[in-house]
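Next come the chains, spelled out residue by residue.
There are 2 protein chains.
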Amino acid sequence: MIANELRKDYLLDRWVVIATERKRRPTDFVQRPTGEIRHKDCPFCPGNEHMTPPATLVYLTENGEIIKEKDSNGFRHKNWIVRCIPNLYPAFSPPNKHETFEIKENRHAKAFGYHEVVIESPRHDEHPGKARISQLIHVINAYLDRLKFFEEKPYVKYVSIFRNHKREGGASLSHAHSQIIATPIIPRIIKEELEASRKGWENGQKCVFCKIIEKERNGPRFIWENSEFVAFAPWAGVNPFEFWIFPKRHESSPLEMNKDEIRGFAEALRLCLGSLQSLLNDPPYNFGFHIAPVGDYKFYHWHVEVYPRLAIWAGFEKSTGMYINVIPPEDAAKSLREEMNSKLEK
Amino acid sequence: MIANELRKDYLLDRWVVIATERKRRPTDFVQRPTGEIRHKDCPFCPGNEHMTPPATLVYLTENGEIIKEKDSNGFRHKNWIVRCIPNLYPAFSPPNKHETFEIKENRHAKAFGYHEVVIESPRHDEHPGKARISQLIHVINAYLDRLKFFEEKPYVKYVSIFRNHKREGGASLSHAHSQIIATPIIPRIIKEELEASRKGWENGQKCVFCKIIEKERNGPRFIWENSEFVAFAPWAGVNPFEFWIFPKRHESSPLEMNKDEIRGFAEALRLCLGSLQSLLNDPPYNFGFHIAPVGDYKFYHWHVEVYPRLAIWAGFEKSTGMYINVIPPEDAAKSLREEMNSKLEK
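Residue numbers (the numbering used here), protein chains in the order written: chain R, 1 to 346; chain L, 1 to 346.
A hint or two may mislead.
Identical copies carry no separate label here, and so any pair may be met within one copy or between two of them.
[Stated by the list, open to error] Think about it this way: if two alpha-carbon atoms lie no more than 25 angstroms apart in a straight line, the pair counts; the simulated SDA-like pairs of lysine to any residue are:
| # | residue 1 | residue 2 |
| --- | --- | --- |
| 1 | 104 | 67 |
| 2 | 78 | 337 |
| 3 | 104 | 200 |
| 4 | 259 | 294 |
| 5 | 104 | 198 |
| 6 | 157 | 235 |
| 7 | 298 | 79 |
| 8 | 157 | 313 |
| 9 | 97 | 151 |
| 10 | 259 | 274 |
| 11 | 206 | 108 |
| 12 | 8 | 191 |
| 13 | 191 | 98 |
| 14 | 104 | 215 |
| 15 | 104 | 203 |
| 16 | 191 | 321 |
| 17 | 334 | 173 |
| 18 | 8 | 104 |
| 19 | 191 | 25 |
| 20 | 104 | 222 |
| 21 | 78 | 122 |
| 22 | 211 | 106 |
| 23 | 130 | 75 |
| 24 | 334 | 296 |
| 25 | 191 | 12 |
| 26 | 259 | 281 |
| 27 | 206 | 66 |
| 28 | 8 | 192 |
| 29 | 104 | 195 |
Don't read these hints as lab results, they were simulated from the structure.
Please build the complete structure, drawing on both the sequences and the hints.
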């Protein structure tokens, strides 16, 4: 009997069983068509802008130039390219005037912050895996604009940019969108990554993530790279077909990207998410940015983690914080690499 | 605008947003009938014992007494009351002779251990919320027998007993069953609880869990108690309608239960899971035991955590380790308390 392998994350004290015995092939995960219902009156579709709160940011074109505007209470911009709106049911919301953030008895606080939706395209069914690069650049720029805006608020410590794809992925509306949540505390996974990366930095070594990237670029978990970005399946990934996208240059926040990097990042998202989509017939997934919190965290290295939703985390995972992954990351990387190459050859 | 509340767990560095603004009522969560298909050839049903590996433990009755047996390769016991079998696709499996457990470079190891299924009843549809107390006592005793067996192995550090209810809850077969996984490392959530409870104990205070129990028994999150056990909704629960069941006596492991406590625990499971089932029309859920690992952890206080699956953890939760719970634990406790009282009055 060949034992499965237990693996620990690069930085987190998180273990995963890589099931070599119960190993599955990509075909085991190919999605059946779910017949997702297209909402007739989608509040994110052009023409229905009045169904949402006023946009906090819209991108419009004027004489071929992008201009940035926002809606007002009685007015909604039309013909937008990208549109950011407050979430109707915000998990975090800004304080009233003169309220300050305070953690009481180390156990509770008011959930000050922001919760917004980024409508990625006027096209209902646009998927980043198929969108034009120019459109993805607009989406990324909108992320960056809102990120900058939120980070300037005194009660914001961390900004999470994430995407939920499909109903099983937690998306309550099917129109292409991502979300941004600004929180008044540093979330635990980020905090753990910070602690581990600070240690390495202070010991005079180089960034721990830079070392990981260098290693994974040249190994069996490598998926894809261009001049600016690299994608690989993480050593101890907890989801089947999980992959991470890193900027090659050491940057603690996506706000440090230059124009070439923004384009390179758009290309990375398009190719990696597109390969996941075509390999497994449009599976549900989540992605989340990991970025440095507000403050001096130059030792951190921002990146995006993509979590396909092909397994159910149940009693064992939820009660212990250990995971079981039935696709070895090396196999996932190989399948994604091959899918990507077949796309690039077309 | 009333801000939502951020709450930190009793012991873990885990924060949850309790959504008071987006607050929902229990009726929002009542399940629609899903038409779960009953498997014609259920391998866990009586008569199909040959479809599974040989049982590692079966409970039989003989002249009104319980006797314990196990199957052999060519032979399967019939007329069993409870039946424990190896999982066909084990995440953890025992080492070959002379192999010892070793963590290499602090990042990988062989996944030595056990992975078994406890078939809780010959009746396909038996749910602990409706089972006879006597049957639940057999199930608990089977858990304890296997727990004891696993804990004697030199490479076992922790034993996780858990239940996945319904397909959406991660159960691949609908016949009433739970699972037991024995692992060669202490899982991270347990490790964090151990560290926090050890600190309190060593400072000459009493058990931190005993203090939590005392407080919650007398507060707005209390759900139910008998002489031996108490159930409450945890202060910073991350799932809607989450509740925890604790023995009142300080015990680090369920192996310390006396006969009265075993009966009291069976009653707790029946009533609490039964109320969850009737309140929300049989929702999917997971439960997991939290018990002391193998070794000297007398400061730990074992308990069971029940996680109803009524929300999807998506990009935000998965990438940050922060959670959003749209049912305040106080409201969840009130609904469960009322449901339980209406059951007890019948």
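Right, here's what the structure says about each hint:
no.	hint	result
1	104 / 67	neither (43 angstroms within a copy, 55 angstroms between copies)
2	78 / 337	neither (40 angstroms within a copy, 51 angstroms between copies)
3	104 / 200	between (32 angstroms within a copy, 20 angstroms between copies)
4	259 / 294	within (23 angstroms within a copy, 55 angstroms between copies)
5	104 / 198	between (27 angstroms within a copy, 24 angstroms between copies)
6	157 / 235	between (29 angstroms within a copy, 24 angstroms between copies)
7	298 / 79	neither (39 angstroms within a copy, 66 angstroms between copies)
8	157 / 313	between (29 angstroms within a copy, 22 angstroms between copies)
9	97 / 151	within (18 angstroms within a copy, 57 angstroms between copies)
10	259 / 274	within (22 angstroms within a copy, 58 angstroms between copies)
11	206 / 108	between (37 angstroms within a copy, 24 angstroms between copies)
12	8 / 191	both (17 angstroms within a copy, 15 angstroms between copies)
13	191 / 98	neither (28 angstroms within a copy, 41 angstroms between copies)
14	104 / 215	between (43 angstroms within a copy, 18 angstroms between copies)
15	104 / 203	between (35 angstroms within a copy, 23 angstroms between copies)
16	191 / 321	both (17 angstroms within a copy, 10 angstroms between copies)
17	334 / 173	neither (32 angstroms within a copy, 31 angstroms between copies)
18	8 / 104	between (34 angstroms within a copy, 10 angstroms between copies)
19	191 / 25	neither (35 angstroms within a copy, 34 angstroms between copies)
20	104 / 222	between (45 angstroms within a copy, 23 angstroms between copies)
21	78 / 122	within (10 angstroms within a copy, 63 angstroms between copies)
22	211 / 106	between (35 angstroms within a copy, 17 angstroms between copies)
23	130 / 75	neither (32 angstroms within a copy, 57 angstroms between copies)
24	334 / 296	neither (38 angstroms within a copy, 45 angstroms between copies)
25	191 / 12	both (10 angstroms within a copy, 13 angstroms between copies)
26	259 / 281	neither (32 angstroms within a copy, 54 angstroms between copies)
27	206 / 66	neither (39 angstroms within a copy, 64 angstroms between copies)
28	8 / 192	both (14 angstroms within a copy, 16 angstroms between copies)
29	104 / 195	both (24 angstroms within a copy, 22 angstroms between copies)
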